[in-house]
Structure formats: structure tokens, C-alpha cells
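Construct the entire structure; sequences and hints are all you get.
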Amino acid sequence: MDFGQFLYMRHEIILSALALIVLIMEISSDKKSKANIIPVLVALFFINTVAGFLPVETGSLFGGMYKTTALIILMKNILNAGVLIVFIQSAGWLKSNFTGNDNIGGYFFIVISSLIGMDFMISAGNFLMFYIGLELATIPLAALVASEKLKERSAEAGVKLILSAALSSGILLYGLSLLYGTNGSLYFDNIASSFQNNSLQVLAFIFIFTGIAFKISIVPFHLWTADVYEGAPVNITSFLSVISKASAVFILIILLFTVFRGIEGIWNSVLYFTSVLTMTIGNLFAIRQKNIKRFLAFSSIAQAGFIPLGIIGGSALGFSSVVYFVLIYLFSNLGAFGVVAAITNKTGKESIDEYNGLYSTNKGLSLVMMLSLFSLAGIPPVAGFFGKFFLFTSAAKQGYYLLVFIALINATVSLYYYLLVVKAMFINKNDVPIETIKNDGYTKLGLIICTIGIIAIGFAGIIFDYINSLTFGIK
Amino acid sequence: MSSEGIILFFLVGLAMVGGGIIISTILAPSSKNAVKEETYECGIPTEGVSWVQFKVGYYLFAILFLIFDVETIFMVPWAVVMKEMGMAAFIEILIFLIIVITGLIYAWKKKALIWD
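Chains A and B are the protein sequences, given in the same order. So for the first sequence, our numbering puts the first residue at 1; every next one is plus one. So for the second sequence, our numbering puts the first residue at 1001; every next one is plus one.
It is possible that some hints are incorrect.
[Stated by the list, open to error] Under the rule of at most 16 Å between Cα atoms (straight-line distance), these lysine to aspartate or glutamate pairs were calculated in the EDC-like manner:
1. B:K1110 - A:E26
2. A:K149 - A:E135
3. B:K1109 - A:D189
4. B:K1111 - A:D30
5. B:K1109 - A:E26
6. B:K1110 - A:D30
7. A:K67 - A:D227
8. B:K1111 - A:E230
9. A:K349 - A:E230
10. A:K290 - A:D189
[As the list claims (entries may be wrong)] Label-pair restraints from in silico Cβ distances:
11. B:A1062 - A:L128: 19 to 27 Å
12. B:M1087 - A:S194: 52 to 60 Å
13. B:L1060 - A:A396: 50 to 58 Å
14. A:A51 - B:E1047: 14 to 22 Å
Since the hints were made in silico from the structure, they are not lab data. Even glycine gets a Cβ: it sits at the ideal position worked out from N, Cα and C.
Structure (C-alpha cells):
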């Protein structure tokens, strides 16, 4: 047996080792040295993120159960980078909220477990592996959401998440059983090659799509999103809305482009309608929100509605524009959530009205928030514009002009409510604005990384070229 | 298979479940008495309602027990092929055991094993 081939799964192996290290640190540290876990873990995770980019061979393991390609490795690296930012941003929250004998190591352990699940899910070559990865990614999320033990809303959000996740898993499993019944195999390759396009398989596809759509919170499967996002601690919300969503998008696009290639016409129309619904409903509800976390929840639903524009038509350009869009969305949304986390954790203020006049007291935070919201809205100089631009281009190239038109209208509507928040921060007057917040080094570092990401990715054409070179030859 | 097949599939599924319930209510002989209404027909009579809060310790113990139960299931096939596979098998099971035992020490340290 050649042990060198285990290098294919080095992302998961390093993460597992990290998880063990956290547990051992948590066991061996006393009350005083507990705070040391944060810098050590951030440093180790930084090394892990960098190590992910090292070139290594790709291939498949365990008889096709597990496989990696250069593209899958890129996806894992994107997730790693996102989790690194989440870790940096949550340092302040951990210090203030997990005092004494509480479980700082446990937080890192649960996040890393969830990330391992996502990695296995993305590089699965078999539906069983995919399902185990999905569950490993989802179940820890409920524990994370309910991690502020003394707040009832946090516990309520945890219960809501686990119930809706259980329901969606059930639907997905039923789809898998139908697929197995019609094909006699759970391997992606076998299913793709023996797809007969009969209605039972279409039904299986719809069930599986439903299960994943729950995770991406595509309308009409979005109902849990706002409540869970609102109840969870802000840093967990950013993990949910960015990392969890990104991994589900990745696996959805992989499944559509490989396993369900045979029924492309059907998933095109499914994506068409869910995309229109998701964009429109997400936007219309976002306008009405008064709470900044609910607002960002609906904004992230609306953003998810743009992703099908790249998937639809099934082109390689669409694939790379989706990965690119997710990368930019990651930095923009983490920037916005970073600011909200900095404010909420220090002052407890969550209403958009309380953001009035923020610029007069917190210049840095308001500028980062403005940049992130501009990027989410897709205003030209920042990266968000390019992300949306490529999505629209790939949909237009496939001839979906009406869909692009609807998406453009929605982008304009979204501009309105993103600017409402910017207006509140910069123009609206407030007698008692939020007091000047002194941020610690971690929060600043996290926000600086997001800002650099938002500005730089748009101008570095090399990134899109790189992604494009990886997706070359798909189809 | 056409889409009529799917409809038929659902109808048959519905008929199987619904039919089973209906036929069993019609055919099965029923006798009602006080003992029949009990939660358990034999054994010690139950006391109180079951809608009370259970001590969370039960779940912790159950989970730990389950983990080491499953571990044994892994160990048995390993023990069978251990001689043929040699050192590689030994190292692999060692990694597995280290992970599981770290979890146990964690639970121990967090006082999950103390029953008070």
C-alpha cells in the first residue's frame, strides 16, 4: 500500500490534526492559559491555509469514494481562507463571552469539524461519502448556533436549525434512495454514465436539489434563514451565511455538472424559476428589515439568487464565474458581518436605526461597512461588480436574456436597500450615536483582510484567469 | 418510465400504508381494559408523567457508551486481518484509538463522568 497517495486528502488530514491539537490544548490548559488558545489556533490555521495552496498531485482514493481535482482543491482553499477570517473576527467575541472555565477550544473544535465535513462533501465521489460529509458539516452548526447558552434566542435558533436541517436531510436521503433504486449504484461516475432520463430519476434530482437548496437558502426553502441568523451569535451567523453556503453551492454545481448532466434541460428550468423567486423575494423582504442581522440574512438570500445565473446553461465560463462570485461574496459578506460583530459584541445594538450617525464616531468601521455593502450591491470599483458582471455575462452568452434582465432589475432594487444602510451611517443625524468602539488587533486585522480582498480581487484579473484555466474542458 | 408511473408509485405507496391501517382496525379483535391502557402491560406500574426534564448526564453516558461500542466493532475486523497487514494496520488503529481516547479524556476533564 502506497501511503503517499494519502497526500490527496491532505486538507482533511491537516484539519483533523488541528482538531486534535485543539482538544489537547483545551484539556491541558488551566483557567489562566485558556486565552492562549486563540492566537495559537489562528496561527496554526493560517499555516494550514497557506499549506493548502502548495501544489500536489490529484487523484482518487478508496476505489473512487474520494477524489480531488485542482478545482476542488481551490474550493477547499477558498473555504479555508473564509474560516481563517471567521476565526480572526471571533477572537474578541470569544474573549468576552467564553470567560473562566468555558469552552474556547470547543468552539474551534466544532468549527473545524464542520469544515472537515464540508471538505469531504466537496470531494466525494460517492453519494454515501457526500451524505456523511453533509451531516458532519451540518450537525456541528446547530451546536455553534446555540453556543450562547444563557440566551434563549440562541437556543431557539439552534433548535430551528436542527429541525429544518433534519427535514432537508430526510428529503435528500429519499432522493438518494430513488437514485439508487433506478441506477443500482451510488458512485457519481456510474450514475452519470447510466442516466436514463426517466421520471423517477427526475424526481430523485428534485429531492436532492431540495435538500441542498435548504443549505443555500434558495426560495422557497429559505424560511429558517432569517430566524436562525438573527438568533445566532454574529460571528456564527457569518460562518453560516458564508462558509456553509459556499460549500453547499460548490457541491451543488459539482453534482449538476457531473451526475445530473443528463437532465440538463430540467435543471435549467428548475434553476431559472428558483433564481427569479430567490432574487425577488430576498430583495423585497430585505427592504422591510429593521434589524441589521435579519437585513443581512435576506441580503444573503438575494445574493444566493444570483448564483444560478452562472450555473444555468452549464458552461465552463459559468462554472468559473460562480466560483469567482463566491470568492468575492465571501470577502464582502465577512466584511459586513465583521463590522456588525464588532458593534454588536461591544454595545449589543442591532437595529439599523441605531446605526444612524455611525460615521461621526466610528470612521473606520463605517468605511469598511460601506465598502462591503457596495461590493454586495455590485458598484463598479469594488470586486462585487466583477463577480456579478461575469455571472450576467455567462447567462447572457447562453441566451437567457430575460433572466439577466430580471437579475439587473433586482440588482438595482438591492442597491436601494444597501444604500439605505450607508445613508443611515453617513448622512442621518443621531443625538446619541454609537460610542467610539476601541477594536482589538484581531478585529482590525480581520476587517483589513476583508477590505484588501474586496478591493484587490476585482483588479487582479489573474485570479479569474486562474479559475478559468481550472474549469477549462468541463462539458 | 413515464410520469404516470410516478403517480402510480405514490398511489400504491399511499394505499399500502392507509390500507394497512384500515384493514387492521377492521379485522383485529379489540379488548379494552385498565391494564391494556398502561404504558407497559407487564412489570412495575409506571408513576407520574413522562414529560419531565431528564438529567443531561444520561445522554452523555449514552453517547460515550455508544462511541466505545462502535469502537469495539471496528476492532474486531482489525484483529482478524492484523497479522496479514502487519505494521500498517497497527499504526492505523493506533491513530484511531488516539482520537477516540482523546475524546474520552476530554469528557473526563470536563467532568462529564461525575454523577452528582
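Structure versus earlier hints - violations, ascending order: Numbers 2, 3, 7, 8, 10, 12, 14, in rising order.
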